[in-house]
Structure formats: C-alpha cells, structure tokens
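Throw the hints in and build the complete structure from the sequences for me.
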Amino acid sequence: MTSVSDRLKTIQQNSGCALIPFITAGDPGLETTAKALQVLADNGADAIELGVPYSDPLADGPTIQAAATRALQRGVKLEDVLEIVKKFPHKTEIPIILFTYYNPIYYRGAANFLQQIKEAGVAGLVIPDLPLEESENLLQLATNIGIEVTLLVAPTSSEERIKAIAEKSQGFIYLVSVTGVTGMRTEMSNRVKDLLVELRTVTDKPIGVGFGISSPEQAKQVKAWGADAAIVGSAFVKRLAQGTTEEGLKAIGEFCKSLKEAIS
Amino acid sequence: MTTTPINSSDRTNVPDSLGRFGPYGGKYVPETLMPALAELEAAYNKYRLAPEFQAELQGLLKDYVGRANPLYFAERLTEHYARPDGTGAQIYLKREDLNHTGAHKINNALAQALLAIRMGKQRIIAETGAGQHGVATATVCARFGLECIIYMGVQDMERQKLNVFRMRLLGATVQPVTAGTGTLKDATSEAIRDWVTNVENTHYILGSVAGPHPYPMMVRDFHAIIGQETRRQCQEKFAGLPDILLACVGGGSNAMGLFHDFVKEPSVRMIGVEAAGESVLSGKHAATLTEGKPGVLHGAMSYLLQDTEGQVVEAHSISAGLDYPGVGPEHSYLKDTGRAEYYSITDKEAVAALCKLSELEGIIPALETAHAFAYLEKLCPQLEGRPRIVINCSGRGDKDVQTIAKYLGIFDL
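Taken in sequence, the protein lines are chains A and B.
Heads up: the first sequence is residues 813 to 1076, going by our numbering.
Heads up: the second sequence is residues 532 to 944, going by our numbering.
Rather than coming from a laboratory, the hints here were simulated on the basis of the structure.
Below, in silico cross-link-like pairs of lysine-lysine (BS3-like), each with a Cα-Cα straight-line distance of 30 Å or less:
#1 K930/A x K824/B
#2 K824/B x K889/A
#3 K889/A x K815/B
#4 K577/B x K975/A
Quick caveat, the model's predicted, so the values are computed rather than measured.
Structure, rendered in structure tokens:
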C-alpha cells in the first residue's frame, strides 16, 4: 500500500502538485460517500481526505458542520466509515486520510483506534484539535502501527513552532491557509506565499495547503507559490449535498477534474 | 478592606506547566489558537502579581463590584434544619449574589478585561449560558469602552430573556447560536470559532474554569477571592475554618473560587453539586462528574457526557448555567483524588430549594445556586453536632422568575 508521504513525494519530485479532495463521510448518505470516492478517483484525486462526522467540530465552518450534523442524524458511526474505506478498491494507489477530532480517538483508546483504521486500509490521519504539544504519544503509537499523522501549521504559528511541527509531522505538512475555520474563501492571502517559503527553508517534506481553497484559480495560485498539494473541502461537500445523488456526484466529478487540470 | 493578591502557587501545585491537573486539562485546540494561548499565559504571568495591575483590579473589585461581600449567617435556614435537641448544621451564605451584576461571574470578567486591555485587544467575545457571564462581560466592556460580542444558544436566549435584554442595554451584540441544542456547549463552540478567526485583535473572556490552559487556572485564580474572603470572614465570625464548603457545579467556576483557598486544609470538606435535570436515570441530566467519562471538549480533557462512539451528548437542566456536558478539569482532578465530593440534584429539588430559601431568608437565589441549597436536604440529616457549612450563594434569581413560574404552572406572570 502506498503511504501518503510516498504518494506526495513522487508528485513533488516531478514538480507537480497533488490534489486532495475532502468529503464528509455519510453525507448525504453512506452509499453516496462510497460512490463519491470512486468519482474522485476517476477524476484525478491523488489522495482523499475523509471526514469522520463529529458532534463538536470546532475547526469547521458552516458547510462541514452542517454535513457532519446530517451524517450523525443518519446514525453514521466510525465502523460505517471504515467499511467504506475497506471496500474502496483504489486505496493502494490513492491513499485515504481520515480527518477526525480527538475525542472519538481517545474514547476508543488511541492504540485500538489506530489498529482499527489500519486494518481498514487508512493510510493517514489529520486531527484538527490535537496540536503538537498533545500529540507525542499518538505520533509514537502511529509510527509503530504504520499510520502517518499529519500536523497542522497555521498563519499564526511562530517560526519556532513551524520548525518543530515540520519536524514531527508525518506524511506531509498541512498548512492552514487562513486564520479561521474551514470554508470557502474568495481570495488566497499573500501570507500563504510567505508561509510556504518559510516552511520550505525548514523541511523537505511535502506541504499541503488547505482551509479555504474553493476554485481552480486558487489551487493554481497555491501551486505557483510552491505547494505540493492542494486540499479542497467545503467546496466538494457543498456540491455533493446539492440536488439529487446523481447530480451531486456529477458535480464533484466535474469540479475535481477542473481542479486537477488547473494544477497539472 | 485588606486585599490579598492573587497567588495560587502557595495553595496548590496544579496545574503543571502544560496545564495538567493530573491527567486532566491541557490544550486541545486548533494550531491557530496555540500562539494566542501562549500569549495569554505570558500576559497572565506578567501581570497577575504586578502591583499596578493588582491595584487597579482590587480598586475596581471594591468600588465597582462591591467587594468584599458578606458572609451571612442564615439563621432561619439553620433553624429549619436543626434537630429537636438543638444540634445541626450552622449555615452561612457567601453572598456573591450581592456583587454588581448579581453573580460571581464579574470577578473573572473584570480581571480578564484588564488583561485584554494590557494585551492591546480591543474586541472581546464571550459565551454565556444563563446570561450571567454574558452580562458581566458586557458590563466590563461598557466600563472600558471595548467592543463586545456574546455568543448565546437560542434556547438559552428564550429562557433567559431578561439577561439578553440587559446585555443589549449594555451595548453588547448578542449573537444567537442555533447549532445543536442551542445551549451553552454550542455557544462555547461558536465563540471558539470566532476566536480562531479573529484571534489577532480579539480576546476571548471564557467564563468558567473550563477550556484550554491557561483558562482553568486563570479563571480559578480570579475567583479565588471568594475563598480568601470566606477564610477571613470565618475567622472573624467564629475564629476557625469552615467544616464544609458547598457550591453548584456546571463548568465549576464559583465552586473552584470558593474551594481553592481551602484545598490544602484537610479538615475542610468540599462538596460540588451538579444538575441531575429530570433525573440521572432518565438520561436527561447534566451530571458530568457522576455520570460522565474522561474525554476532550472545548480544549480540555475532563469528565464528559458522551455516547459509545465518543460523540458528546446533549445535557439537560432547568438551569441554563449548569446545562453543559463538560466540567472544568480541576474538578475532575479533585474528584479522582477524593479531595472533593460531587453529587447531583434534580430540577424539581432545585426549584423547591429556591422557593424555600426565598421564604425562609428573603433571598431568591439563581436556579444554578439553588442546586447547592437543595443538597442541604440530603446532607443535613447525615451530619453530627454543629458543623459550619459555607454555601456559595453564587447568583441571584431575578433572571429565573419566568422559568420558575412556567415550571410551577403559573403562566400569567
């Protein structure tokens, strides 16, 4: 199975920029999520971030909050999400990264949780409310089990923090492009450009930019600034939830393709 | 009055430098907030013992808040619980309800506003459940000319209409939160999202001993004056320490404020009272410490009401201020170490206690506070001799009269 870091490094070495779409598992339904993974795979996704619905998504804006609430109302559980990953035939070449808040991990026990997602074929993990200071134990367990835990860098992070996070982050470094929660923004701040330069001086690891990218133009912009991956979430979640299932799937397929073309 | 500067280090050894109370506490927040928490901690450490900061804070606590507030001997309540042989608990009330704005909340809101000004933050946000913390924050923002946005759940806005109006009168923007059940948990999440977005010019005045480090420590220290005054007043009144401290616990700020100065006095028994809502068995309650399991909510590890998937469950209480599925991490620590005891009281018991205190002492307590008074029914029969109990009368009940009237079936208020 390809690790997240191998996948992104290959793209990085060819001077490319990977596309990582995000969708909330179970919205608008588990079957749709399974189909959506296939559609994303068919339209150029290099890795896929799958959001596990959570009751208190502190780092998420209205679009993903609403999607998580709908999924929970349908009774979506972690086991259901992992079942979808198990059945996804392309996970060997398109690694799956789970995006989940920390409490469900802690509740199950970190070692159990990591073992369970590993067995389902998950390659990476992003935990938006687990900063560097609280992540030591989990990073160690994940290294032993073979899951890559990606840490986040924010526009507010100091030089020392950026360095420390870059050193510990696995798979890639997730650069949060806005001071804020997830959601669609019309412009990319020039601050992202500076942060990419700053990060590049301290690490060779791939850098993925996310939170706020919602158009092919923005994806192209972050590629031009030196990002190794563009992560796009709310814009996919919103498209997938609109209209009928078929319309939603068609919309994310077209959108995925347009993003991929913009950064190819 | 003599003033006691805030100094926690001589009373307890928690939290450690990472904000841990044993396994509880910590900083479980998005990376964006980590620098702001470090900045806040640095500012707190710089100013908490600084003479000019203390002079301003103590001056305002005296002349603006009205401290020291009294320790009142509740004679008729004491008589009510007395045994035929004349023994029984001697009940004292620490009158936080007599503070400006009507609750203990202003101790912390005022001190944090002074910190925010020193950090150069002109925009203030806060969450509120019962509205008391929102009113306290709106009050200090008016006093210092700071922009003020209060996040409040829509259900709480309905049941605490009076406080919503007070906040608006004070010039604050009350931002309704519709997510979840529209209560304190949801308001807190939304306040944190605002802070993540506007962290560079905004200070978040968190209203309880909850949230990420340094809040549980800092809010406790800003409320520690409650216990410090109590110690001195007990000395004056009966030349000794109290035997039992009793306070309600939602997030747990008024209880920590009363307890903190006595944690290292082994003879002083400390009891926290949570909300059992309709009843613990019904599942509709907010008894986090008695029924929850350790987990992470709003930036801290602590006891938490959650389901078997690790999803946070909704709490229920007639009292908006206790209607919260989490609790401050230091309470979890005090529970596990056995230093404090925690029990729960139903809506019905709390309303009965509110009526009893109103009739016997002419004091209408807040519904939150009434939970502490209700526990006297269970506690007093167990006690021997004449133990001295200090109850934190943490807030007054004007804000709750509509809720109580509705509960008692009086609709034409």
